[in-house]
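Colleague: Below are the chains, spelled out letter by letter.
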Amino acid sequence: MTTRNNRTSLLLTLTEYGLYCAVGDFYIDPWQPVPRAVVTHAHSDHCVYGCQTYLVAQAGEHVCRMRLGETALLQTVAYGEATYLNGVRVSLHPAGHILGSAQIRVEYQGEVWVVSGDYKREADATCASFEVIPCHHFISEATFGLPIYHWQPSQAIFAQINQWWRNNAEHGKATILYCYALGKAQRVLAGIDASIGRVFTHGAVERLNQAYRASGVALPETVYAMSVGKVDYRGALIIAPVSARATSWVNRFGDHASGFASGWMRIRGARRQRAVDRGFVLSDHADWDGLLATIKATGAERVGVTHGYTAVLARRLLELGIDAYAIETRYRGETNDASEAELASET
Amino acid sequence: MKAFADLYTTLDETNKTNAKIEALRAYFQGAPPADAAWVLYFLIGRRPRRAIAVRKLAEWAAQEADIPDWLFSESYDAVGDIAETIALILPETGAVSELSLHDWVEARLLGLQGLPEPEQRTLILQAWREQSRQQRFIWNKLITGEFRVGVSQKLVTRALAEVSGLDEATLAHRLMGQWEPTPAFYQALLASEVQDAQISRPYPFFLAYPIEGDPAATLGEIHEWQTEWKWDGIRAQLIRRAGETFLWSRGEELVTDRYPEVVAAADQLPDGVVLDGELLPWKAGLVLPFAKLQQRIGRKSLSRKLLGDVPVIFLAYDLLEYNGVDWRAQPLHQRRAQLTEIIQAFSQEGPLLLSPLVQVDSWAALAEQREESRGRMVEGLMLKRIDSPYRVGRQRGDWWKWKIEPYTVDAVLINAQRGSGKRASLYTDYTFGVWDDAGNLIPFAKAYSGLTDAEIRQVDAFIRRNTLEKFGPVRTVKPELVFELAFEGIQQSSRHKSGIAVRFPRILRWRQDKPLAEADTLATIRAMLPTEA
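Just so you know, the protein sequences line up as chains B and Y, in that order. For the first sequence, my numbering begins at 1 and goes up steadily by one. For the second sequence, my numbering begins at 1001 and goes up steadily by one.
No false leads were slipped in.
Straight line, CA to CA, 30 Å or less: simulated DSS-like cross-link-like pairs of lysine-lysine:
1. Y:K1305 x Y:K1497
2. Y:K1056 x Y:K1002
3. Y:K1470 x Y:K1514
4. Y:K1230 x Y:K1305
5. Y:K1002 x B:K173
6. Y:K1401 x Y:K1016
7. Y:K1154 x B:K173
8. Y:K1016 x B:K173
9. B:K230 x Y:K1016
10. Y:K1514 x Y:K1446
11. Y:K1403 x Y:K1497
12. Y:K1403 x Y:K1230
I should point out that these hints are in silico values taken from the structure, not numbers from a laboratory.
From just these sequences and the hints, can you work out the full model?
Modeller: Following this line, the structure appears as structure tokens:
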């Protein structure tokens, strides 16, 4: 990237509705309804209901539609394809977070900003892989912005899950794996060895499975647990959102082992608070090294840090000679210092 | 080390008692005695003297991970456990150590004692580089000595009983007192017959549960029960064997040298006698507040003045051994009769006294007596079935405690600190304040328990969003949340800013209905103080 002198540029500014491009008159991941939203992905803290129009990645059309309803005005664009909004060049590029997740590249008069949304660097069978987009100004997430967060390759995690499931099956137990219904559930389904036993799902997961399948993502056969009568669940795997834990919904499965797949499971206390038997450290976000490497790779002169450990990551970037700042304001007015437990309970 | 790390993981990953016992049983069945002895030692909460300050470990780990100290602190703040934080930030090397646990402990851990700091640092870094992440976690735990894996001594004893075929009470007894974690000890522990050569070994204490409901309705005839006051001191066991005296606290700490006046009297006991009782601060025939006893606890050098100000007595409850024979299976009334005879030989001024009986003819009369507890500076009553044996550990049925209702106040959350164990990543240790006359909140009590997990998470989130200042691990919090606290005793104290010290404070409930201004005042609490004698 060529160096620029225009350090005070405000192509994107923070308003009470979220990140705003005044020239292009659009918001990126607004947290309140606005006339025109450009959305990185369909998770609820990025994709708010009620905007007049949405611009999303084509790959994410089905999942966004599921979240926003039939009447929402969705405009889709292929990854890498340019759209012009009031003369501002806008393009969406894979973020590797979930199906249809995108980084938003905004270019105006030779100045390039990229808003990462949530992202991960490891390949994922259920979505396109992250691409490094060179830019002047990069706005990065920091959900796992602490050096304690380091991910093992997902293949190793899937092997752990398979082994655990197989072991439970041998002991005549059902296996309930809790995870985020959108993204993580489908990534897990695509990663496990479905020959071990039957796979059942909670309704919230099953709806999204359909959206994934409609988008052309191959998933093993799953059965919506409420659609069948009395079933012998011994040896089966049940995929459910965290919100189903400790509700009467799980009683139907009889004797079972429970697990939770999330980056938060890296910390022992986080798993023990949830009272699940096993924690599987599987995240759809970049780990500490992934965040630092990505930020450096963009070549950005200035880096905004949002979502999660913003202050920590920004301070570390400054120490490493990268001009960084924390974007403190957040959706629902929370501080960034919310507890692990609280963050982990968001789906 | 690998087998122990696996055991630790298995124990950590289940909440089910049977699964824990099964994992322990499988481990002890296959483990070499040299390793098993150490595992037992650590799991039941014993630890060698700490060779290295935790602060140093953190500093070296941060250097090894190439991160500044502030970033280590932020990481620790998220994890809440120093051993785990270190294990998580160290660079992964792919190494896995094949060294056995006893080698790690005896050659590597104990070898750190007394070395100059640079050598300790070199050895620690070397150790970390040889270990997997999970092994590092265990190793750090061995150094810091803070094992918490949801396994009680009772659970370990039960697993060992299954492995050895011995009964739990025998094992619990053999695990009391001082022992070294050697293969010889471990083998003797599990052997069917042993010569117990250890004259200092105490018996496991029999502990009571609180009574549920009205004793008149559930316990039958009052004449079947021996009733005593429930004293507020330190439960202890006094041993006189082979011409020597030993005094053990319930925490299995040998405290013989802390209470010379008690020991001097106990030297006059007949040989082969073990008494269960309570250490109490006592003057002129009256018990002193527990706060007085605290001046004696932990004090090894005792001034003449302190011995004069806070004399301590041993109030005998029970007779566990007589003439060198284990008397625990004898019915209580027989033990009490023999105990009475023994204690009668001593002065009624102390320091060896008999726990007085509360003699009444009806449950109603007993209930009336209980109402006088506070005036007598006791916590309530103990009810013991007269034909009961002296059992092991906390058990229902034969012994009950019938405590008086606690004091309660509404206080304001003002400071918070992280918890430990499974609450390590949450703010769960709170300081509460009450209003003084000038309208300031004065710190008054600390409490750690009493909220549900869901409430703890809500309060934790509140604390993080409403932190005013941080002082080391302590956050001062915007005064807003009001809680109802309960406590047992209340005393004047010059060591507390409020001028008041309370016993066993805990949270009864979160008063979400109560505005800040309506929390209690210091004046209200002072009014609860016992009138000066």
